[in-house]
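Colleague: What follows is the residue order along each chain.
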Amino acid sequence: DGGITQSPKYLFRKEGQNVTLSCEQNLNHDAMYWYRQDPGQGLRLIYYSQIVNDFQKGDIAEGYSVSREKKESFPLTVTSAQKNPTAFYLCASSTGRGRTEAFFGQGTRLTVV
Amino acid sequence: GQQVMQIPQYQHVQEGEDFTTYCNSSTTLSNIQWYKQRPGGHPVFLIQLVKSGEVKKQKRLTFQFGEAKKNSSLHITATQTTDVGTYFCAGINNNDMRFGAGTRLTVKP
Chain A
1 DGGITQSPKY
11 LFRKEGQNVT
21 LSCEQNLNHD
31 AMYWYRQDPG
41 QGLRLIYYSQ
51 IVNDFQKGDI
61 AEGYSVSREK
71 KESFPLTVTS
81 AQKNPTAFYL
91 CASSTGRGRT
101 EAFFGQGTRL
111 TVV
Chain B
1 GQQVMQIPQY
11 QHVQEGEDFT
21 TYCNSSTTLS
31 NIQWYKQRPG
41 GHPVFLIQLV
51 KSGEVKKQKR
61 LTFQFGEAKK
71 NSSLHITATQ
81 TTDVGTYFCA
91 GINNNDMRFG
101 AGTRLTVKP
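For the record, the sequence lines run as chains A and B. For the first sequence, this note's numbering gives the first residue as 1, with consecutive numbering after it. For the second sequence, this note's numbering gives the first residue as 1, with consecutive numbering after it.
No wet-lab data here; the hints were simulated from the structure. Treat each hint with caution, since some may be false.
[As the list claims (entries may be wrong)] Heads up, simulated DSSO-like pairs for lysine-lysine below, C-alpha to C-alpha not over 27 Å straight-line:
#	chain 1	residue 1	chain 2	residue 2
1	A	83	A	14
2	A	9	A	57
3	B	56	B	36
4	B	36	A	9
5	B	36	B	70
6	A	71	A	9
7	B	51	B	70
8	B	36	A	57
9	B	70	A	57
[Stated by the list, open to error] Derived CB-CB ranges, DEER-like:
#	chain 1	residue 1	chain 2	residue 2	range
10	B	16	A	84	22 to 32 Å
11	B	75	A	96	22 to 32 Å
12	B	12	A	81	35 to 45 Å
13	A	63	B	75	35 to 45 Å
14	B	18	A	109	32 to 42 Å
15	A	40	B	14	19 to 29 Å
16	B	17	A	67	41 to 51 Å
17	B	13	A	51	38 to 48 Å
18	B	17	A	15	37 to 47 Å
Here a beta-carbon is modelled for each residue, glycine too, at the ideal position from N, C-alpha and C.
So here's chain B without its partners, still in its complex pose:
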């Protein structure tokens, strides 16, 4: 079955440093979604990518979908303490949706 791997599991950065999390699927995806879960909270939708090679930006966040539609990344430029939380990707194929294990980001002020 479809598997979605996400790395790294944890990332600790100094405020102002950049951060990237990577998501890889064992199968070709129709689309991919990204979610953020603040500590003690619930996942909140960030964005959906659909097209091969698609790049989307939300302020300091840049999302990419690979050409083969099997991988994706989320990059945060100049992290802030408000960026702390766990970032999940969710790969979708034929209505089958699988979440990655998430990358937990901590930011030291």
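Chain A on its own, in the form it takes in the complex:
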């Protein structure tokens, strides 16, 4: 089945540790995105990539890093520099940014203690 997969679903980390969230898609989509969702604030864009080996910062990129070495994969690293990392993280992909529907993964709920 085609789709977009995020893992893990729940993640716990100690403060000060970096953590990497996985996102894989087999939809052959060029564009991939990472969003952060906090209660009452909708979806805020962290990073996006429109093509392999290229990515751009979104509105809240500070404290995060990404890579796009393969078309299928767009991992997100939450670094210790992120002041408030506890949140629900959603990965999405589409054929082109804003032109067609975005497909979302199931999300990863990160809790930093």
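Knowing the structure of chain A, use the given hints to seat chain B on it.
Modeller: Showing chain B alone in chain A's frame:
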């Protein structure tokens, strides 16, 4: 930069009542998309509107795109408990895509 405002933030209705959420952009949009997120789930695409004044229907859901392409609405007729969730609009302009904060709908049986 482009901003997308969505109201109301919350809406609680009795089953059978109608529901409407509104989306307003600070800039003219090329197109707008609507998504639904069930509790504990992820956003799922509902529809895309492209043309000025466009109206699309999906069963009990009616989507409108304003004449100026700066606002949009989603109307649900005779809500059911299966309609619960958060509805997001996403405004697109020059490949810049911005989500509204969403409207969380609860339905009392």
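Colleague: A separate judgement is required for each hint: does it hold in the structure or not?
Modeller: Each hint tested on the structure:
1. 83/A x 14/A: holds, 13 Å
2. 9/A x 57/A: holds, 24 Å
3. 56/B x 36/B: Judged against 27 Å, a Cα distance of about 16 Å means the pair holds.
4. 36/B x 9/A: Holds, at about 20 Å.
5. 36/B x 70/B: Judged against 27 Å, a Cα distance of about 20 Å means the pair holds.
6. 71/A x 9/A: With a Cα-Cα distance of about 22 Å, the restraint between residue 71/A and residue 9/A holds, given a limit of 27 Å.
7. 51/B x 70/B: holds, 11 Å
8. 36/B x 57/A: holds, 25 Å
9. 70/B x 57/A: holds, 25 Å
10. 16/B x 84/A: 22 to 32 Å: Between residue 16/B and residue 84/A, where Cβ atoms are some 41 Å apart, the hint is violated.
11. 75/B x 96/A: 22 to 32 Å: The hinted range 22 to 32 Å holds for residue 75/B and residue 96/A, with Cβ atoms some 29 Å apart.
12. 12/B x 81/A: 35 to 45 Å: Given about 39 Å between the Cβ atoms, the range holds.
13. 63/A x 75/B: 35 to 45 Å: holds, 39 Å
14. 18/B x 109/A: 32 to 42 Å: holds, 33 Å
15. 40/A x 14/B: 19 to 29 Å: holds, 24 Å
16. 17/B x 67/A: 41 to 51 Å: Holds, since residue 17/B and residue 67/A (Cβ atoms, about 48 Å apart) stay within the stated range.
17. 13/B x 51/A: 38 to 48 Å: Holds - the Cβ-Cβ distance for residue 13/B and residue 51/A, about 44 Å, lies within 38 to 48 Å.
18. 17/B x 15/A: 37 to 47 Å: holds, 45 Å
Of the numbered hints stated above, the single one contradicted by the structure is hint 10.
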